[in-house]
Amino acid sequence: SAVISQKPSRDICQRGTSLTIQCQVDSQVTMMFWYRQQPGQSLTLIATANQGSEATYESGFVIDKFPISRPNLTFSTLTVSNMSPEDSSIYLCSVEDRRTGRYGYTFGSGTRLTVV
Amino acid sequence: DAKTTQPNSMESNEEEPVHLPCNHSTISGTDYIHWYRQLPSQGPEYVIHGLTSNVNNRMASLAIAEDRKSSTLILHRATLRDAAVYYCTYKAAGNKLTFGGGTRVLVKP
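Keeping their order, the protein sequence lines are chains A and B. Heads up, our numbering is the position in the first sequence plus 276, with the first residue counted as 1. Heads up, our numbering is the position in the second sequence plus 469, with the first residue counted as 1.
Please note: incorrect hints may appear among the correct ones.
[Unchecked claim] In silico lysine-lysine, DSSO-like type, Cα no more than 27 Å apart, as pairs:
1. B:Lys538 x B:Lys577
2. B:Lys565 x B:Lys472
3. A:Lys283 x B:Lys538
4. B:Lys577 x A:Lys341
[What the hints assert, rightly or not] With the Cβ distance kept under 8 Å, some of the chain B side facing chain A (calculated, not the full set):
5. Ser497
6. Gly498
7. Tyr501
8. Gly512
9. Pro513
10. Tyr515
11. Gly519
12. Ala529
13. Gly563
14. Lys565
15. Leu566
16. Thr567
17. Phe568
Note that these hints are calculated values from the structure, not bench results. Just so you know, these numbers come straight off a predicted model, no measurement behind them. All residues carry an ideal CB built from backbone N, CA and C; glycine is no exception.
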């Protein structure tokens with residue numbers, strides 16, 4: 277299956293600052309997905325990132341708050357901007373794994389963000 | 470968005486089977502049903518997926534109702550390492566996986 281490297285694994289940030297999370301995949305993928313998991317909750321999709329086009333955001337998420345880059349088929353970044361304590365969550369990237377033919381999705385190990 | 474309904478939690482004894490139900494009444498005829506599990510402090514992990522027929526792999530079995538409005542994930546012999554949150558889901562438009570609340574499985578020794 278695809279292997280995803282997500283960095284950083286955790287961070288503690290000051291209110292009002294920004295954090296950029298990186299997601300590197302060991303194979304070329306068309307779409308990459310970014311999720312947020314608030315404490316004790318399920319995963320919520322933030323946006324879908326396609327190479328060469330702007331990301332598509334889900335309801336409740338906006339580009340100014342969560343800008344996404346997708347410079348090539350193996351890499352993406354998610355920035356959490358102007359952070360507040362309410363942004364404290366785990367952020368995960370995911371790809372659809374077509375290499376093995378099973379079409380499941382592979383997830384990164386997540387970035388645990390704490391905003392103080 | 471894809472909508473699924475699962476019980477909040479289930480308990481099982483070690484070495485016993487676990488049957489995890491999921492309702493997905495709004496699924497279309499061509500959507501695959503996916504199951505993932507999330508161990509503590511980890512990202513979700515793929516378990517199994519299927520379309521119409523029952524499916525088996527080394528981790529679990531997936532039983533899909535004939536009308537496809539529900540499915541059941543079967544862990545044949547639960548171990549302590551199977552304690553996790555299990556999510557049932559399927560793709561929405563745009564190949565997006567959306568997650569419901571999941572079922573937290575507790576395995577008792």
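Structure-based check of all given hints:
{"no.": "1", "hint": "B:Lys538 x B:Lys577", "result": "violated (30 Å)"}
{"no.": "2", "hint": "B:Lys565 x B:Lys472", "result": "holds (12 Å)"}
{"no.": "3", "hint": "A:Lys283 x B:Lys538", "result": "violated (38 Å)"}
{"no.": "4", "hint": "B:Lys577 x A:Lys341", "result": "violated (43 Å)"}
{"no.": "5", "hint": "Ser497", "result": "violated (16 Å)"}
{"no.": "6", "hint": "Gly498", "result": "violated (17 Å)"}
{"no.": "7", "hint": "Tyr501", "result": "holds (7 Å)"}
{"no.": "8", "hint": "Gly512", "result": "holds (4 Å)"}
{"no.": "9", "hint": "Pro513", "result": "holds (5 Å)"}
{"no.": "10", "hint": "Tyr515", "result": "holds (4 Å)"}
{"no.": "11", "hint": "Gly519", "result": "violated (11 Å)"}
{"no.": "12", "hint": "Ala529", "result": "violated (13 Å)"}
{"no.": "13", "hint": "Gly563", "result": "holds (6 Å)"}
{"no.": "14", "hint": "Lys565", "result": "holds (6 Å)"}
{"no.": "15", "hint": "Leu566", "result": "holds (6 Å)"}
{"no.": "16", "hint": "Thr567", "result": "holds (6 Å)"}
{"no.": "17", "hint": "Phe568", "result": "holds (4 Å)"}
The structure is inconsistent with the numbered hints 1, 3, 4, 5, 6, 11, 12, although it conforms to all the rest.
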